[in-house]
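There are 2 protein chains.
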Amino acid sequence: MSRDRTTPGSGGESRAAPDLSEGPACPVPLTDYAHVLLAHGGGGKLTQQLVQSVFLPQFKNDMLSPLHDGAVVTLNGVRCAFTTDSYVVSPIAFPGGDIGDLAVNGTVNDLAMCGAVPLFLSAGFIIEEGLAMEELRSVVRSMRSAAGRAGVLLVTGDTKVVDRGKGDKLFVTTSGLGVVRDGVEIAPARATPGDVLLINGPVGMHGIAILSVREGLEFEGPVRSDTAPLNDLVRVMLEACPDIHVLRDPTRGGVATVLNEIASSARVGMQIEETAIHVPEAVRGACEILGLDPLYIANEGKVIAVVPADAATAVLESMRAHPLGRESTQFGYVVADHPGTVLMKSSIGATRVLDMLSGEQLPRIC
Amino acid sequence: MSRDRTTPGSGGESRAAPDLSEGPACPVPLTDYAHVLLAHGGGGKLTQQLVQSVFLPQFKNDMLSPLHDGAVVTLNGVRCAFTTDSYVVSPIAFPGGDIGDLAVNGTVNDLAMCGAVPLFLSAGFIIEEGLAMEELRSVVRSMRSAAGRAGVLLVTGDTKVVDRGKGDKLFVTTSGLGVVRDGVEIAPARATPGDVLLINGPVGMHGIAILSVREGLEFEGPVRSDTAPLNDLVRVMLEACPDIHVLRDPTRGGVATVLNEIASSARVGMQIEETAIHVPEAVRGACEILGLDPLYIANEGKVIAVVPADAATAVLESMRAHPLGRESTQFGYVVADHPGTVLMKSSIGATRVLDMLSGEQLPRIC
Numbered sequence: 001m002s003r004d005r006t007t008p009g010s011g012g013e014s015r016a017a018p019d020l021s022e023g024p025a026c027p028v029p030l031t032d033y034a035h036v037l038l039a040h041g042g043g044g045k046l047t048q049q050l051v052q053s054v055f056l057p058q059f060k061n062d063m064l065s066p067l068h069d070g071a072v073v074t075l076n077g078v079r080c081a082f083t084t085d086s087y088v089v090s091p092i093a094f095p096g097g098d099i100g101d102l103a104v105n106g107t108v109n110d111l112a113m114c115g116a117v118p119l120f121l122s123a124g125f126i127i128e129e130g131l132a133m134e135e136l137r138s139v140v141r142s143m144r145s146a147a148g149r150a151g152v153l154l155v156t157g158d159t160k161v162v163d164r165g166k167g168d169k170l171f172v173t174t175s176g177l178g179v180v181r182d183g184v185e186i187a188p189a190r191a192t193p194g195d196v197l198l199i200n201g202p203v204g205m206h207g208i209a210i211l212s213v214r215e216g217l218e219f220e221g222p223v224r225s226d227t228a229p230l231n232d233l234v235r236v237m238l239e240a241c242p243d244i245h246v247l248r249d250p251t252r253g254g255v256a257t258v259l260n261e262i263a264s265s266a267r268v269g270m271q272i273e274e275t276a277i278h279v280p281e282a283v284r285g286a287c288e289i290l291g292l293d294p295l296y297i298a299n300e301g302k303v304i305a306v307v308p309a310d311a312a313t314a315v316l317e318s319m320r321a322h323p324l325g326r327e328s329t330q331f332g333y334v335v336a337d338h339p340g341t342v343l344m345k346s347s348i349g350a351t352r353v354l355d356m357l358s359g360e361q362l363p364r365i366c
Numbered sequence: 001m002s003r004d005r006t007t008p009g010s011g012g013e014s015r016a017a018p019d020l021s022e023g024p025a026c027p028v029p030l031t032d033y034a035h036v037l038l039a040h041g042g043g044g045k046l047t048q049q050l051v052q053s054v055f056l057p058q059f060k061n062d063m064l065s066p067l068h069d070g071a072v073v074t075l076n077g078v079r080c081a082f083t084t085d086s087y088v089v090s091p092i093a094f095p096g097g098d099i100g101d102l103a104v105n106g107t108v109n110d111l112a113m114c115g116a117v118p119l120f121l122s123a124g125f126i127i128e129e130g131l132a133m134e135e136l137r138s139v140v141r142s143m144r145s146a147a148g149r150a151g152v153l154l155v156t157g158d159t160k161v162v163d164r165g166k167g168d169k170l171f172v173t174t175s176g177l178g179v180v181r182d183g184v185e186i187a188p189a190r191a192t193p194g195d196v197l198l199i200n201g202p203v204g205m206h207g208i209a210i211l212s213v214r215e216g217l218e219f220e221g222p223v224r225s226d227t228a229p230l231n232d233l234v235r236v237m238l239e240a241c242p243d244i245h246v247l248r249d250p251t252r253g254g255v256a257t258v259l260n261e262i263a264s265s266a267r268v269g270m271q272i273e274e275t276a277i278h279v280p281e282a283v284r285g286a287c288e289i290l291g292l293d294p295l296y297i298a299n300e301g302k303v304i305a306v307v308p309a310d311a312a313t314a315v316l317e318s319m320r321a322h323p324l325g326r327e328s329t330q331f332g333y334v335v336a337d338h339p340g341t342v343l344m345k346s347s348i349g350a351t352r353v354l355d356m357l358s359g360e361q362l363p364r365i366c
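Just so you know, the protein sequences line up as chains A and B, in that order.
When we follow my numbering, the leftmost residue of the first sequence carries the number 1, and every step to the right adds one.
When we follow my numbering, the leftmost residue of the second sequence carries the number 1, and every step to the right adds one.
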């Protein structure tokens, strides 16, 4: 096995203590963890650092580099989108869905965000010994129903069982395959100053739905996950404007994280209006009680589109005419100033930086 | 959620007790489990029953039906192979490999068994909080090295972290994408009476390697996993005979399980010679001590080919000329008699049925 790369942090516990014997030294960088933390899976800065320090150095290639929701590869001249996501949500069933439809919709959406028509899915099940067969059946029925709704076929799969206490009921990994539409070229790096930011409705529902059932909390009214397949919505959007620059679903890490990733990838700035993003009353209430920011909460049925200004009205109208886009809004735009930084004008008129979180607000929400 | 199917066994614990109040009744079928057992993941009859009772009723479609190592799908006229496998091997490192090269080789091999040229892989990582970063780096290095050896690119991935005690260090799910060679048509159902069975070398090494390190056992000499990418070996075999009928890698469940699956799928019988299958001395010794049958032990670098008789010599020669096929043998043939049943002539001349196991001999070997 080749060991040709330096391995920072491999010697110490948690973080290596700075060596003070040689006088003042730079602080040990925060990336320098000897063990994986829960926060490394939270979708924030630590996840990014894990990917950049552990995975990318080994797997750097043209297709992986864009760090999009999926890869676009060419098979005998056909442009295909190929994606994968592991689902470890806890609990496996929650208001509005379960790990089954979440896994199908999530992978369908990742393909849609590549501008592809989703066609085929695979599913790998890692089951903890002792899972009730009826719980498994129920998840599989949800997957069938979600696949039917999205118009995709599950064509291959795998099942593993791990000992009791070595898993957590059920983990599902779905991969997806689709054909990218002709003339469509979606990439985070295409965000261009002047582009307009659109979103198809209220934010924060999925994360708060999970949290409410997990912690047994009751907020002002029930919050249901927004999990939904976005491929048909994306279809009408691309019919309205095939030149949409970027599509991303703000899942783990929420709207704020996705905007930061696009801004950083395209080296552009972003300005958004807090009042133009709809946060349902129950989500807002839950966030206030728990000290969370709804812009960092995961969604599973939302798409952020970065659209050329002259097409914004047409795309927005196409979204509002679709059942999954009735509450679509334009909530900001791309600017040349402050590249890599997202600024938000708050409801009271102040402007603040919407930074990436370093860890997770809510672990295991997808 | 639709609940349109009966759900046997959902009411009781483990197995429903037979209702004796109405006089003699049929025994409760063995499939009727209320909870998932470790054995459901063992690759034997129980795994088959789980797939057939829980997954297939929901996902039956033309591509899924063959229950092959992967699905062959058509994307804009291009025949692609698409596969997925979740790896939960424990421990994650073992003599001859680790979960990283196992996951890459396993998926490369599943694509090769479809007659495809493997091209692109995805990887989903489910990491238990607290995993040493250096262990993760080491696995990722193995994956890079295995991908390089097989000539495939890892193009997309996902990372999740679960709480301590809710996983087991690291689970990896790899999916693969490849293009099926023109004129090649590989399917278990194509096994035809008269066909010859070939295998590329000794069996049982992977399972015994895992067992030896897991249980701290020492056998007559060290046993290393045979994990290896078989795509180049399959390439030369298909050059020798593009009309190979079936290719399967005897992983979980071993040679015996794969032969039973092919025999059942093609409704043919099989006759094999025990003496023509090479079992290394150390594997044989370990099996004798532990009461295991080497023909049910997992391999990760072996291929079973079902080949038209007139091409057998050419294919066997092409295998023996390849570094991964030097010890290839012809070990049996397909017959019209006793469809669905595999008969083995033992070294002492007796003939016995090589049945499928109901559960697993060794859990979590891949």
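In case anyone wonders, no lab produced these hints; they're calculated from the structure.
Be aware that a few hints might be false.
Copies of the same chain look alike in the list, so a pair counts if it fits in one copy or across any two.
To be verified - List time: in silico DSBU-like cross-link candidates among lysine-lysine, alpha-carbon distance up to 35 Å: (1) K166 with K345; (2) K45 with K166; (3) K60 with K166; (4) K45 with K345.
Status of each hint after checking the structure:
In this homomeric assembly, K166 and K345 never come within 35 Å of each other (Cα to Cα): the closest approach is 46 Å inside a single copy and 41 Å across copies. Proximity of K45 to K166 under the C-alpha cut-off of 35 Å is found in both arrangements, the shortest distances being 28 Å within a copy and 23 Å between copies. In this assembly of identical chains, K60 and K166 lie within 35 Å of each other by CA distance both inside one copy and across copies; the values are 32 Å within and 31 Å between. For the homomeric pair K45 and K345, the shortest alpha-carbon distance inside one copy (23 Å) is at most 35 Å, but the shortest distance between copies (61 Å) is not.
The structure fails hint 1 only (numbered hints given earlier).
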